[in-house]
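Chemist: Chain by chain, the residues:
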Amino acid sequence: MSNYSVEAVSLNKVFGRRLIFNNINFKFENNGIFGISGPNGSGKSTLIKIIAGITSPSSGKVIHNSNTIAVIPEKLHNHIGFVSPYLVLYDEFSAWENLNYFSEIRNVPFDSEKVTFLLDRFLLLNRKDDFVKIYSSGMKQRLKFIFALMHSPQLLLLDEPTSNLDAEGKDKVYSILRNEAGSSIIIIASNEDSDLEICSSCIQLEQFKNVNSSVPSRGDILK
Amino acid sequence: MKIKAYALFKKDFHSELRTRYAVNSLVMFIIVAISVILFSIGNERISQGLTGGLFWVVIFFSAMSGLARAFVSEEERGTTLVLQLIASPSTIFSGKLLFNLILVFMMNIVIALLYSAMFDAFVIKNFLLFLVTFLLGNIGLAISSTIIAAIIAKAGSKGTLYPVLSFPILLPLILLLVHLTLNSLDGTSFEQSIFELAMVACYDVIMLSASYMLFDFVWKD
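Going down the list, the sequences are from chains G and V.
Residue 156 in this note's numbering sits at position 156 of the first sequence, and the numbers go up by one each step.
Going from the second sequence to this note's numbering is simple: count from 1 and add 1000.
The shape of chain G in the complex, shown without the other chains (with noise of 0.2 angstroms):
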């Protein structure tokens, strides 16, 4: 069992002068499946992306714990799976060559048998050798999911990932979702009712757009 924790401590971000979320503060920990829901425009990618360090909040921070050791920034990349609709992987490039050389760059050893697994679960293990530019939405989807989870990350962020998914696909989805819950943290930021359905509790946005909100407790934010 995984004991990595993500703890958001007064995260608040600006764009402009526009405020997107303020004195947002969460724990999630022991693995499990959270969510994060709120309309278009309420900033459910941009905390995605702060959580994930690829954006920085204008004030709070986000702390990554493994075995109650702190993630350095430069490390967190190899404990992060992601998954979103505007993730683009390398067109000119098959799925399998795509895969690889993200291993290569992480440096971690190329696992080809559980590489063959997930893309046999995914679907994909007959088109592995097709480039990605021919591949349908929902395949590329498909794809995105091997990409997140196959360096067995502790914590799973996904954007909206169901979106291009058929009916057959989301539960497909769910089910694997349902399975790494067991190891890894797994946070959805959705607006889809039956993605939200999974999850043991849920972050709604729309209470942080208030300048002066005060800090919720955790029993406010995990209802």
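If you are wondering where the hints come from, they were derived from the structure by calculation, not from laboratory data.
Every residue, glycine too, gets a C-beta built ideally from N, C-alpha and C.
Treat the hints loosely; a few may be bogus.
Residues from chain V that face chain G, not an exhaustive set, calculated with beta carbons under 7 angstroms [claimed, not checked]: (1) A1007; (2) T1079; (3) L1114; (4) S1116.
Starting from the structure of chain G, add chain V where the hints point.
Modeler: Chain V only, in chain G's frame:
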């Protein structure tokens, strides 16, 4: 970090072989630039000093047309996020710098060979001095172009911004390189050019240190 940077370089090299993002524009630019110079001088015989100056002008503008692709192509294709998710900023910069170094050396060797073949006045009398100038100059050019490419990749008008931002940063380097190339063409000794060479080496070290310090801020949204 070295292995990761090399892996990123390998990925970029493989990608370049398939897409030819940078090579096509570089080759076209080199051919067009040298042809324009040849046509514009016609039967006139240009001086050695002018040849040395034009040599670095062609290199400067060729670099403008091709080296920005290192980051711009990632941004245009939307693959920047993938890189952010698999490697630290220093690894990304090292990998891209390695790619640009190889590209700039290949490009400038072609330019130097074409120049020697096309211009009678381009006769190097102090080859060692030219070689060291060429080596240090290309390193400086690659470092500066890589960090400028990273800065402009997120901007809206990349095409305009790249030369505008490059000019003040590369001007001191280009002036020194033109001076050193003239020295190597007229046979000035290596010892007499050591101060300028030291200046170019300092430029390279300063740009490299500044780039690594700055890249973290440039890379993060």
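Chemist: Now look at each hint and say whether the structure bears it out.
Modeler: Each hint tested on the structure:
For the restraint placing A1007 of chain V at the interface with chain G, the shortest Cβ-Cβ distance is roughly 4 angstroms, inside the 7 angstroms limit, so the hint holds. Because the closest C-beta pair between T1079 of chain V and chain G is about 5 angstroms apart, less than 7 angstroms, the hint holds. Because the beta carbon of L1114 of chain V sits about 30 angstroms from the nearest beta carbon in chain G, more than 7 angstroms, this interface hint is broken. Violation of the interface hint for S1116 of chain V is found here, the shortest Cβ-Cβ separation to chain G being roughly 35 angstroms, above the 7 angstroms cut-off.
The structure shown violates the earlier hints numbered 3, 4.
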